[in-house]
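Given the coordinates of chain G, assemble chain V onto it according to the supplied hints.
Read off the chains here:
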Amino acid sequence: DVKVTQSSRYLVKRTGEKVFLECVQDMDHENMFWYRQDPGLGLRLIYFSYDVKMKEKGDIPEGYSVSREKKERFSLILESASTNQTSMYLCASSFTLPWMNEQFFGPGTRLTVL
Amino acid sequence: SQQGEEDPQALSIQEGENATMNCSYKTSINNLQWYRQNSGRGLVHLILIRSNEREKHSGRLRVTLDTSKKSSSLLITASRAADTASYFCATDNSGYSTLTFGKGTMLLVSP
Numbered sequence: 182d183v184k185v186t187q188s189s190r191y192l193v194k195r196t197g198e199k200v201f202l203e204c205v206q207d208m209d210h211e212n213m214f215w216y217r218q219d220p221g222l223g224l225r226l227i228y229f230s231y232d233v234k235m236k237e238k239g240d241i242p243e244g245y246s247v248s249r250e251k252k253e254r255f256s257l258i259l260e261s262a263s264t265n266q267t268s269m270y271l272c273a274s275s276f277t278l279p280w281m282n283e284q285f286f287g288p289g290t291r292l293t294v295l
Numbered sequence: 230s231q232q233g234e235e236d237p238q239a240l241s242i243q244e245g246e247n248a249t250m251n252c253s254y255k256t257s258i259n260n261l262q263w264y265r266q267n268s269g270r271g272l273v274h275l276i277l278i279r280s281n282e283r284e285k286h287s288g289r290l291r292v293t294l295d296t297s298k299k300s301s302s303l304l305i306t307a308s309r310a311a312d313t314a315s316y317f318c319a320t321d322n323s324g325y326s327t328l329t330f331g332k333g334t335m336l337l338v339s340p
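Chains as they are written, first to last, in this note's numbering: chain G, 182 to 295; chain V, 230 to 340.
None of these hints come from the bench; they were simulated from the model.
Please note that a few of the clues may not be correct.
[To be verified] Once the Cα atoms are required to be at most 27 Å apart in a straight line, the calculated BS3-like pairs of lysine-lysine come out as: (1) V/332 - V/299; (2) V/332 - G/184; (3) G/236 - V/332; (4) V/298 - G/238; (5) V/285 - G/184.
[Claimed, not checked] Non-contacting residues of chain G with respect to chain V, defined by C-beta distances greater than 12 Å in every case (computed): (6) 193; (7) 194; (8) 197; (9) 198; (10) 200; (11) 203; (12) 209; (13) 210; (14) 212; (15) 243; (16) 246; (17) 250; (18) 259; (19) 275; (20) 294; (21) 295.
Everything numeric in this text was worked out from a predicted model, so none of it was measured.
The beta carbon of each residue, even a glycine, is placed where N, CA and C say it ideally should be.
If we strip away everything but chain G, and leave its shape as in the complex, we get (with noise of 0.2 Å):
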């Protein structure tokens, strides 16, 4: 089985904070993603990876950075956290190939941020 973990189920911190939440997949997959999931407006892309050091912005990268130095671990960093980066971040990873490109998600980490 494909396994996507996240390094904290839950996690509250303060603003300003620097923040990390990691991400380690165990399938060999290229690509890695970083999402939030906010209600009402879905799953929005933070940052994806598609091979070690590259990295791509998504749809809202403002406010986060990313780290990919191994193919299995993917790194999601606020630098100065704030109350509208609290929400549901999700770590997901696939293969490359059009057919065969589904995600894997990880359980995602609630970040609260006071």
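Structure of chain V alone, referenced to chain G:
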């Protein structure tokens, strides 16, 4: 940007009934995928249908794709209480395997 739009937003049925959810999208796609999300959890992939396919089955799931109408439907037959979840369609229309998700249909199956 949102491409897939599911309809209805919410659906409530009894166990044993069939549930049908629809998805419309705007631009050409490589494939369309359906996912399920149980409350507060990550998404689980259900089925992928390629742009040159019209229908696909997986267990109690049946997905159709009409590229001329830019729409897809997900049918769950003989629904169970355990099918209660949110269902999302997602379209692959990029060269990077990124997916654009709709806002989902919340399905409630009552015993």
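Going through the hints against the structure:
1. With a C-alpha separation of about 17 Å, the suggested pair residue 332 of chain V and residue 299 of chain V falls inside the 27 Å cut-off, and the hint holds.
2. For the proposed pair residue 332 of chain V and residue 184 of chain G, the alpha carbon gap of about 25 Å is at most 27 Å, so the pair holds.
3. With a C-alpha separation of about 25 Å, the suggested pair residue 236 of chain G and residue 332 of chain V falls inside the 27 Å cut-off, and the hint holds.
4. Restraint check for residue 298 of chain V and residue 238 of chain G: the C-alpha separation of about 30 Å exceeds 27 Å, so the hint is violated.
5. Our distance criterion of 27 Å between C-alpha atoms is met by residue 285 of chain V and residue 184 of chain G, whose separation comes to about 26 Å.
6. With a cut of 12 Å on Cβ distances, residue 193 of chain G stays outside the contact zone with chain V, its closest approach being about 16 Å.
7. No Cβ of chain V comes within 12 Å of the Cβ of residue 194 of chain G; the nearest lies about 19 Å off, and the non-interface call holds.
8. No Cβ of chain V comes within 12 Å of the Cβ of residue 197 of chain G; the nearest lies about 27 Å off, and the non-interface call holds.
9. Non-interface status of residue 198 of chain G relative to chain V is upheld: no Cβ of that chain comes within 12 Å, the nearest being about 24 Å off.
10. Against the 12 Å criterion, residue 200 of chain G stays outside the reach of chain V, whose nearest CB is about 19 Å from its own CB.
11. Every beta carbon of chain V lies more than 12 Å from that of residue 203 of chain G, the smallest distance being close to 15 Å; the non-interface claim holds.
12. At roughly 15 Å from the closest C-beta of chain V, the C-beta of residue 209 of chain G stays outside 12 Å, upholding its exclusion from the interface.
13. With 12 Å as the threshold on Cβ separation, the claim that residue 210 of chain G sits away from chain V is violated: the shortest Cβ distance comes to roughly 10 Å.
14. The non-interface label for residue 212 of chain G is inconsistent with chain V: the shortest C-beta to C-beta separation is roughly 5 Å, within 12 Å.
15. The claim that residue 243 of chain G is not at the interface with chain V holds, since no C-beta of that chain comes within 12 Å of its own (minimum 15 Å).
16. For residue 246 of chain G, the non-interface assignment is confirmed: its Cβ lies about 18 Å from the closest Cβ of chain V, beyond the 12 Å cut-off.
17. No beta-carbon of chain V comes within 12 Å of the beta-carbon of residue 250 of chain G; the shortest separation is about 20 Å.
18. In this structure residue 259 of chain G is separated from chain V by more than 12 Å, as the shortest Cβ-Cβ distance comes to about 20 Å.
19. For residue 275 of chain G, the requirement that its beta carbon stay farther than 12 Å from each beta carbon of chain V is not met, with the minimum near 6 Å.
20. Once the 12 Å rule is applied to beta carbons, residue 294 of chain G is consistent with being away from chain V; the minimum gap is 18 Å.
21. Residue placement check: residue 295 of chain G keeps its beta carbon more than 12 Å from all beta carbons of chain V (closest about 20 Å).
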